[in-house]
Amino acid sequence: MSLKLLWIQCGGCGGDTWSFFNAESPNVTELFSSLDVELLWHPSISIRSPNNLKTINEDLLSGARELDVLCVEGSILRGPGGTGRYDEIFGKPKKDLVASLANRARYILAIGTCASYGGIGANTEIEATGMQFLREEKGGFLGEEFTSASGMPVINLPGCPCHCDVVVGTLIAIGSGAQLELDEYNTPVEWYGMMVHQGCTRNEYHEYRVEERKFGEKGCMFFHLGCHGPLVRGPCNKTLWNNRSSKTRVGVPCFGCTRPDFPQQYPFFQTRNIEGIPIELPEGISRAHYMAYKGMAAAAAPKRLKTRKTGI
Amino acid sequence: MTPVEIFTLVSQMKQKKIHILPVNRVEGDLEIRIEVENNRVCDAWSAGIMYRGFENLLIGRAVLDGLVLTPRICGICSTSHLKAAAKALDMFFRVKIPDNAVRIRNITLIAEKIQNDIRHAFMLFMADFTNPAYQKHSLYDEAARRYQPLTGETTAAVVRETKRILEIIAILGGQWPHSSFMVPGGVVCVPSANDLAQCLFLIRNFRKWFESRVLGCPIERWLEVKSKADLDVWLEEAESHANAELGFYLRFAKEAGLEKIGRGCGNFISFGSLDLPNGTGVKRGTKNRQFLKPGFFHKLEPRPFDQKKITEDVSHSWFEAGEGGQHPFDGETRPYASGKESGKYSWAKAPRYDAMPAETGPLAEMVVASNPLFIDFIRQDGPSVFTRELARLIRPAYLIPLMEQWLEDTVCCHEEFYQDHRKKENGKGYGLLEAPRGALGHWVKIKDAKIQKYQIITPTAWNASPRDASGFRGPCEEAIVGTEIKDLNNPIEVDHIIRSFDPCLVCTVHAIDAR
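Just so you know, the protein sequences line up as chains W and C, in that order.
Our numbering puts the first residue of the first sequence at 111, with every later residue one more than the last.
Our numbering puts the first residue of the second sequence at 137, with every later residue one more than the last.
You may find that some hints are simply not true.
[To be verified] Once the Cα atoms are required to be at most 27 angstroms apart in a straight line, the calculated DSS-like pairs of lysine-lysine come out as: (1) Lys404/W x Lys416/W; (2) Lys324/W x Lys583/C; (3) Lys328/W x Lys559/C.
Bear in mind the hints are in silico, worked out from the structure with no lab data behind them.
Given the structure is predicted, the values throughout are model-derived calculations rather than measurements.
Take the sequences, apply the hints, and build the full model.
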């Protein structure tokens, strides 16, 4: 039986769609054909007029059509003043259409941080929210108690953008009926059950606290350049970007884009610290032990690291 | 295609009907209103119907934060926004970036442009050749075989090849889209010889595909095409030319009459492209050290370019403002959702150069750079859907050799990729460049080490602009007016015109996503 899929874009940049097109094995066309996806609508792919989307929605409401997977990209815009007028379709707030589609879908995927948690526009004049979270708080657009027709809550696939392998893997799990274990933010443990830092080629620098203070210097960026790798969950160094690399590997700090509070309200590219020790430490760590450990590690750092004689 | 809905008969005059056309396969859906009399468009309004508030959320943030936030404006040209943001801060800090950083910035921008040109041409534009409106076109079956969404032979190849060229950005910048590897002073990466060799391998492979599948000839042969007459000769010269995508486009477009529609306003603007490093094998250059010069082209004549002549007008946009157009350093973004009141109809502002609307994009880039083939087209026929899309389709032929050269230069140049600079707390800067869709500018003012003002003018703001206070229509609106529509239930002509501008409404950031 075909998997009926509808992808709608709301308050976002379209980056999750183009990130999805990075998928390699399988790529998007291979994935759709292997899962027998019937693509009811995608704004960048569909050949038909957007008016068709209105017909599809009417068919879903009347029961003439079914919807297996609703993919939502971008945040739900409620501004100004709760009206939703900052994002319209067919002369009406887009959020009304999303609510209607959500009520008919078997599974709902919030693709990207904006759809998951509100992201870029959360707590700004556009009053953006995620589908079932507003930043860390449960509720969001559909409410804390909402479940889709399958009994699942909205499955959050955060990241700015969301990594293509996460979307591909989630669709395969749904298509094959596999169990998707979710954590407290309703994100699949498979991709969000590890820190971004895991697998980073700079881990040895982190281990011995050999720090990067200036761009382009080799070293760990956690202590000075605001890298969130050890603090934030995500698969960036497990399943590489564009099959090649990751931001932290090339020397761009992790900005924590998978986290409910992205974008952070304090400056990027610098680490908030007290006496050289970051204010924010990895989840559940004992500050005193961590400081002692890092002090000893720095003293034990091998010369090849201190002189940056490594291949990263 | 479902029937276009006729919302209201607003016009008093008999026979005139207003049609509302939401548009997909643009980045973000766009809503175009057209007024039609006897199947002829007599007026048009291009409306951005989403506001994302990017400029305002930057205010009060730290100096470097634009490098993280502005790429998120657009999912298909994030590297261009990053470069504009970095250039604005280079100017603010008054830092001269090392040649290697110039090259890496150019190489990654080129990769993004090529990706966009190819994806737009085949996945967004030529997908329309499979529209039932062309059932009687002699090449309809072949078009369907090539361009059917997701399953077409060409479409599938484009999905494969475009993501491979983006690997270059990941090798140098970590990921695509949405990285922040360009910073004031250069780039953060220090690519190894092996990294650069991998990039060279990727671009050379892409060149092979582009030559065999898209051009049907070596790039060098294509670059000899310098006039309309040359183009005719080229098409007839070999079967491989006629059968490749470019040849197919020429044949399909001719029968479809694409050279007859979508003329536009006739003004072109380009912000200039690709800063030239010292010591490069790339010979061509201009006085201001860019590969392509910036410029404004009015009534077939080039005019000197000065960014001070850029203003944004909000008389027909849902923003509050003072009198007249404002230069971006003075501009403000105060949303005012007034509905239909006072003639406002879009979340896009109306950028103007010297008080005139201007078209931007690959065609404008070619015209301003005095490319002989496109100058010949403009002189003989004026701009059209056909020339606009042709410029996009063949732009990689100009970009691929540049990228190869700069990669080779970087391998041989053992210099820095980043230049540190002094702290600075007050000042301003701007970054202008040619993004995939044309002229992109960021203007930033910094006060007490915080962003005091950030204004962005995107290519689509130029092209899909609404009217201004003098009543001048935006280029896309102007291009639609006068078009004969064969079937009002399937106005393919209007679709072609709009998509020939490759509108990116997520980008039109104040922030519209004319969705």
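These are the hints, each one checked on the structure:
1. A hinted pair counts as satisfied when its Cα atoms are at most 27 angstroms apart, and Lys404/W with Lys416/W qualifies at roughly 15 angstroms.
2. A hinted pair counts as satisfied when its Cα atoms are at most 27 angstroms apart, and Lys324/W with Lys583/C qualifies at roughly 24 angstroms.
3. Under the criterion of a C-alpha separation no larger than 27 angstroms, the hint pairing Lys328/W with Lys559/C is consistent with the structure, at around 22 angstroms.
Of the numbered hints given earlier, the model fails none.
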